[in-house]
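There are 2 protein chains.
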Amino acid sequence: MAKEIERKFLLSTDTWRELATHKVEIRDGLLAFRDGRKIRVRFCDDKATLSVKGPKKGLTRDEFEYEIPASDGLALLEEHCDGAILKKTRYFIPHGGYVWTVDEFQGVHTGLVLAEIELPSEDAEFEKPTWLGREVSGKSQYRQSSLFKKHRQATK
Amino acid sequence: MAKEIERKFLLSTDTWRELATHKVEIRDGLLAFRDGRKIRVRFCDDKATLSVKGPKKGLTRDEFEYEIPASDGLALLEEHCDGAILKKTRYFIPHGGYVWTVDEFQGVHTGLVLAEIELPSEDAEFEKPTWLGREVSGKSQYRQSSLFKKHRQATK
Numbered sequence: 001m002a003k004e005i006e007r008k009f010l011l012s013t014d015t016w017r018e019l020a021t022h023k024v025e026i027r028d029g030l031l032a033f034r035d036g037r038k039i040r041v042r043f044c045d046d047k048a049t050l051s052v053k054g055p056k057k058g059l060t061r062d063e064f065e066y067e068i069p070a071s072d073g074l075a076l077l078e079e080h081c082d083g084a085i086l087k088k089t090r091y092f093i094p095h096g097g098y099v100w101t102v103d104e105f106q107g108v109h110t111g112l113v114l115a116e117i118e119l120p121s122e123d124a125e126f127e128k129p130t131w132l133g134r135e136v137s138g139k140s141q142y143r144q145s146s147l148f149k150k151h152r153q154a155t156k
Numbered sequence: 001m002a003k004e005i006e007r008k009f010l011l012s013t014d015t016w017r018e019l020a021t022h023k024v025e026i027r028d029g030l031l032a033f034r035d036g037r038k039i040r041v042r043f044c045d046d047k048a049t050l051s052v053k054g055p056k057k058g059l060t061r062d063e064f065e066y067e068i069p070a071s072d073g074l075a076l077l078e079e080h081c082d083g084a085i086l087k088k089t090r091y092f093i094p095h096g097g098y099v100w101t102v103d104e105f106q107g108v109h110t111g112l113v114l115a116e117i118e119l120p121s122e123d124a125e126f127e128k129p130t131w132l133g134r135e136v137s138g139k140s141q142y143r144q145s146s147l148f149k150k151h152r153q154a155t156k
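Which chain is which? The protein sequence lines are A and B, in order.
Heads up, the first sequence is in the UniProt record's numbering, so the first residue is 1 and it goes up one at a time.
Heads up, the second sequence is in the UniProt record's numbering, so the first residue is 1 and it goes up one at a time.
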């Protein structure tokens with residue numbers, strides 16, 4: 001188990017694009033959600049993982065993640081997520097000793113771009129890149145559970 | 001992914017006990033449940049697994065099961081199942097070319113004993129041992145989801 005401590009921001013400019021060192025295509029499927037707990041299947045390019053994330057306490061949540069066979073990942077995604085699938089391109093941008101990720105959503109959420117940083121502790125200091133916009137950590141409409149819900153409503 | 005095809009029975013006598021070749025202590029925790037899908041953490045003695053089971057179609061359901069570190073299993077069981085934990089002793093009894101399992105429940109469900117057989121196909125034939133009682137395959141009150149619910153109600 002790992003502890004996930006992350007902060008989430010909107011973007012103020014497009015200049016982050018040229019700073020990305022690489023990117024991956026992500027497909028996230030929501031298997032179930034209960035009391036802030038989320039069970040998710042994810043493809044990062046062709047690598048599949050199954051993860052359980054606990055409810056947030058402040059900025060921190062428990063995270064259990066396991067690599068699973070791609071054939072299992074595909075069956076879980078296509079047959080057991082009831083269409084709750086988010087697609088995004090994730091860009092990696094090193095800055096100030098951390099690696100920022102910038103997620104550019106597709107489908108129903110096209111236009112939504114979110115930057116995230118994973119921190120070693122809730123009070124860890126970090127330098128904000130100039131392309132960073134308003135912080136949205138903890139804002140319910142930017143949580144993945146809300147994005148899944150909006151996606152499900154739009155595709156039903 | 002495996003296909004799980006099983007039939008479930010009550011017991012008519014206690015004679016199965018002397019036929020068991022071995023047993024394991026099982027603790028099952030329900031992480032989440034959605035539309036017949038179940039995400040479960042299980043300890044079989046000291047071995048932990050995380051599994052996703054799909055909804056039943058007839059007697060068959062998809063089953064995805066992964067071994068996980070015992071420390072993760074313990075954290076999931078104790079902190080992420082909201083008390084929905086079933087304890088049972090599982091006995092293994094070879095009979096007629098199959099291995100039957102008999103589950104003797106503890107706690108809230110003490111007194112409940114269920115025999116199960118996993119079959120290679122829905123129409124596979126099998127010989128019924130003399131200690132077998134009434135079939136309860138598909139009966140909602142004997143589903144694990146119902147047992148979890150009853151356990152939760154009783155312990156709240």
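Because the hints were derived from the structure by calculation, they are not lab data.
Don't take each hint at face value.
A pair counts as met if it fits within one copy or between any two copies, since identical chains are not told apart.
Within a straight-line C-alpha distance of at most 25 Å, the following computed PhoX-like cross-link-like pairs (lysine-lysine) qualify [claimed, not checked]:
id, residue 1, residue 2
1, Lys149, Lys128
2, Lys139, Lys47
3, Lys149, Lys53
4, Lys128, Lys150
5, Lys57, Lys139
6, Lys57, Lys23
7, Lys47, Lys128
8, Lys150, Lys3
9, Lys57, Lys47
10, Lys149, Lys87
Going down the list of hints, with the structure as the test:
1. Lys149 - Lys128: Result: close neither inside a copy nor across copies, 30 Å intra and 47 Å inter.
2. Lys139 - Lys47: This pair counts as neither: shortest intra-copy Cα distance 29 Å, inter-copy 39 Å.
3. Lys149 - Lys53: both (17 Å within a copy, 22 Å between copies)
4. Lys128 - Lys150: neither (30 Å within a copy, 51 Å between copies)
5. Lys57 - Lys139: Within one copy only: 14 Å inside, 39 Å across.
6. Lys57 - Lys23: neither (30 Å within a copy, 40 Å between copies)
7. Lys47 - Lys128: Neither: 31 Å inside a copy, 44 Å across copies.
8. Lys150 - Lys3: Cα proximity of Lys150 and Lys3: none, with 27 Å in one copy and 32 Å across.
9. Lys57 - Lys47: neither (29 Å within a copy, 29 Å between copies)
10. Lys149 - Lys87: within (14 Å within a copy, 35 Å between copies)
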